[in-house]
Amino acid sequence: MSSRRRAVLGRANDLGWQLAVLGAFFVVWEIVTLLAANPYFPRPSMIFARLWSTWFVSEDGLEFAYSAETILPSVAVSIGGWLVAAVLSIAVGIGIGLSVRASWMLLPVINFMRSIPPPALLPIMILLLGFGADMRFALVALGCAWPILLNTIDGVRNIDRALLETATAYHIPKSRRFFRIVLPAASPYIFSGMRISISISLILIVIAESISGSEGLGAHILTAQRRFQILDMWAGIAMLGIVGYLYSLLLIIVENRALAWHRGARGKSA
Amino acid sequence: MHDLSNAESISSTGTAVAAAPLALEARRIHHEYVKDRTASTAIEDISIEVRQGEVVCVVGPSGCGKSTLLRILAGLLTPTSGEVLVGDELVDGVPRSIGVVFQDYSRSLFAWMTVADNVEFVLRHSALSKSERRERVAESLEAVGLASAASKYPWELSGGMQQRVAIARCLAYRPTIMLMDEPFASVDAQTRFELEDLVLRVRREFDMTILLVTHDIDESVYLSDRVVALTGSPSSVCEVFENDLPWPRQQIETRAQPRFVELRAQVASTLVKP
Amino acid sequence: MMYGLIGFAALFLILEVTGALAGVNRLYLPSVTESLATAVQLVVNPVFLANVGATLHAWIVGLAIAFVLGVPLGIVLGSWSRAYRASTILIEYLRPIPSVALIPLVILIFGTSLEMRASLVVYATIWPILFNTVYGVHDVEPLLKDSARVFGYSRFEILFRVSLPSALPYIYSGLRIATSIGLIVCISAELLAGGGQGVGSWLFNIRASGSPAVMMYAGTLLVGVLGVIINLLMEWIERRFIGWQPALRGSRS
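As you go down the protein sequences, you meet chains U, D and Z in turn. Just so we're aligned, residue 1 is where the first sequence starts under the numbering used here, counting upward by one. Just so we're aligned, residue 1 is where the second sequence starts under the numbering used here, counting upward by one. Just so we're aligned, residue 1 is where the third sequence starts under the numbering used here, counting upward by one.
Just chain U, with the same shape it has in the complex (with noise of 0.2 Å):
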């Protein structure tokens, strides 16, 4: 799937031909939005125009301190709550998969939990850790977690055992087997783990937002809503699909530099 993903994003990479089709995608909505001129449904240009004035550029020079109060709280704690997920869960999902019977005892639990939909675990973070900031946090490091350390632990018992073996053979040394060859060997899986879990972690960091409502971008677009502001409410629906982009964008980088001699391998062998 991934791969696929990727060798799609590379035969598309006409520039041209992308930005060929969205400046069509964006000449259509436009179009469309003021022949039905709906007050739910601003132009885009309008959007855009408010999401430039509210976070970069602005007459009364109070963007910048707009965007620290929205868009870095969000950015901050999605991204540091996904970061600790993935550090915890790989830790713990390499030493579960190295072991046949800890595996078996623990996979089934931790399948429960991760069929548990993340929002709904937002009540009894409330409940336990109120509004602030450390709730949102703790709520998507939980959210995270349980992707990154399923595919950590399948991938660490998809390993060729023959690389195991080589590893015995040569006395290589417990620590370098674990980094030079665990690791690499079951990152393809972690990293199609942290993929899932980055997309959760938006989710929950706006829902989690939008229900605290006082900081973030989450907060930023409820309270638009509320007060019926709906080109605000657009613009901070842009945002959080360029910061979504960013994240996707930011993943496939890490991935491909990380990745390379995987795909290399596969490419061959294919």
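Some clues are possibly wrong.
[Stated by the list, open to error] Footprint (simulated), chain Z over chain D, 3 or more residues, beta carbon under 8 Å:
(1) 117-129
(2) 223-230
[Claimed, not checked] Cβ-to-Cβ under 7 Å is the rule here; a few derived chain Z residues that face chain U:
(3) 7
(4) 8
(5) 89
(6) 104
(7) 108
(8) 192
(9) 203
(10) 220
For the record, the hints were derived by calculation from the structure and aren't laboratory data. The C-beta atom is built at its ideal place from N, Cα and C for all residues, glycine as well.
Start from chain U and add chains D and Z according to the hints.
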């Protein structure tokens, strides 16, 4: 016409075939394809004649455009210039009289259909009744020795058996010409021998004209009435060998004959040039 | 299976023992026994069941609409190369937008109704379905199509007899992703809407209505059970109907 009982009497000899009319003819095929905005030539100039009842093997090094040639002969690909004739008709689209067995059986069989359904797939457009179809499927599977595997799925079978299914599928279609694209490239040596003999038996029993593409010189000499040797890319015909080895052929005996060794050396010397 | 039970039992023991030793406030962190007992009561509680039903209703309506729209559109886009190129670019850019960002807008338009939640589920789930259909139909093994062409099948027939069946595992894996995303979005919308029907609203309103916190834990537990049931069902359907696909056997989406 396809009566199995007098199969032996049809068994052909080189001299009898030479007088037969042309079944398939390629005239001055030239093919270029565009990749990354530059045109590359896959086939420089190839002309081939196949007479009715003949087995012709096209042999050449890997990547010399053999598969492209076969796709052109099958009507799947239109050449940049040149023409293909089946009988005396110009090929435009895929002719009804041609059946193809592809190299990669694992990718040419339908994974979601049973073996029998895979074979029956080619009868969709025939005027046969339901029972006739079932009979045709059973008969085709019988001919390749897979009658017992009818209700299995392709991925439950070994590579050699999957390639038998592909051959049965082609037989059920009742083409007069069978094109085979490196059909035995990915099976083990033992299975390869069995499948080669299967092809020869099928040719006798079903009165088939066969063009087989391969990179294996021994195989081309063992199977054919004629060997067409291609040069590397872009490819063109470098030599045609009339193969006068006696029929019927036998894996051990035929390959041990001095004439076999001689022919093999001749073909090899044209392909392996300094 | 045996080991799984041991795992659950161990988790149960650890939570009970540490909870008792640490002397946590049971108003906030009820014991597992208590939560399980409450969960058993909730399973036959008509109000809770009605809310779960409301969530499932919106979820299934949304999924069905997304499927009916997404698969045919995906087939068209996937089998027509110009549209394929254009659509993959658009999909790549639109996919990362988190669907929950649209919740406020949809609440504004539809209120807290079934339509609100169903339309959100449609928006959120149509992407994985569309995406997987487009790629599945487009990336059909060329040899399969060649085989069908050789044996006299037309372009149109090949689309339905070859491309579609061979894309089916991909379409199904898109649907599987969609089922979990749909549930996430549905519950999110219910949480944000506050009032109205659905298990999300029910969970969120427990404290406001003065019910004990243990209800919250029991409800969340049951939502997890629901998720497990849905997953098992989807896996069973996959094994039962598209088990022929070798690539899918033993892989996780």
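Going down the list of hints, with the structure as the test:
With 4 residues having a Cβ less than 8 Å from any Cβ of chain Z, the region 117-129 of chain D passes the three-residue criterion, so the hint holds. Residues of the region 223-230 of chain D lying with their CB closer than 8 Å to a CB of chain Z number 0, which falls below the three-residue condition for coverage. Checking residue 7 of chain Z against chain U: minimum C-beta separation of about 4 Å stays under 7 Å; hint holds. For residue 8 of chain Z, the shortest C-beta to C-beta distance to chain U is roughly 6 Å, which falls under 7 Å, so the interface hint holds.
Using the Cβ-Cβ criterion of 7 Å, the hint placing residue 89 of chain Z at the interface with chain U is satisfied: the shortest such distance is roughly 5 Å. Interface hint status for residue 104 of chain Z: upheld, as the beta-carbon distance to the closest one in chain U is roughly 4 Å, under 7 Å. Contact between residue 108 of chain Z and chain U, as hinted, is supported at the beta carbon level, the nearest pair being about 6 Å apart and thus within 7 Å. Residue-level restraint check for residue 192 of chain Z holds (minimum Cβ-Cβ distance to chain U is 6 Å; threshold 7 Å).
Hint on residue 203 of chain Z holds. Least Cβ distance to chain U is approximately 5 Å, under the 7 Å limit. With 7 Å as the threshold, the beta carbon of residue 220 of chain Z comes within range of chain U, its nearest partner Cβ sitting at about 5 Å, so the hint holds.
The structure does not agree with numbered hint 2 stated previously, though it agrees with all others.
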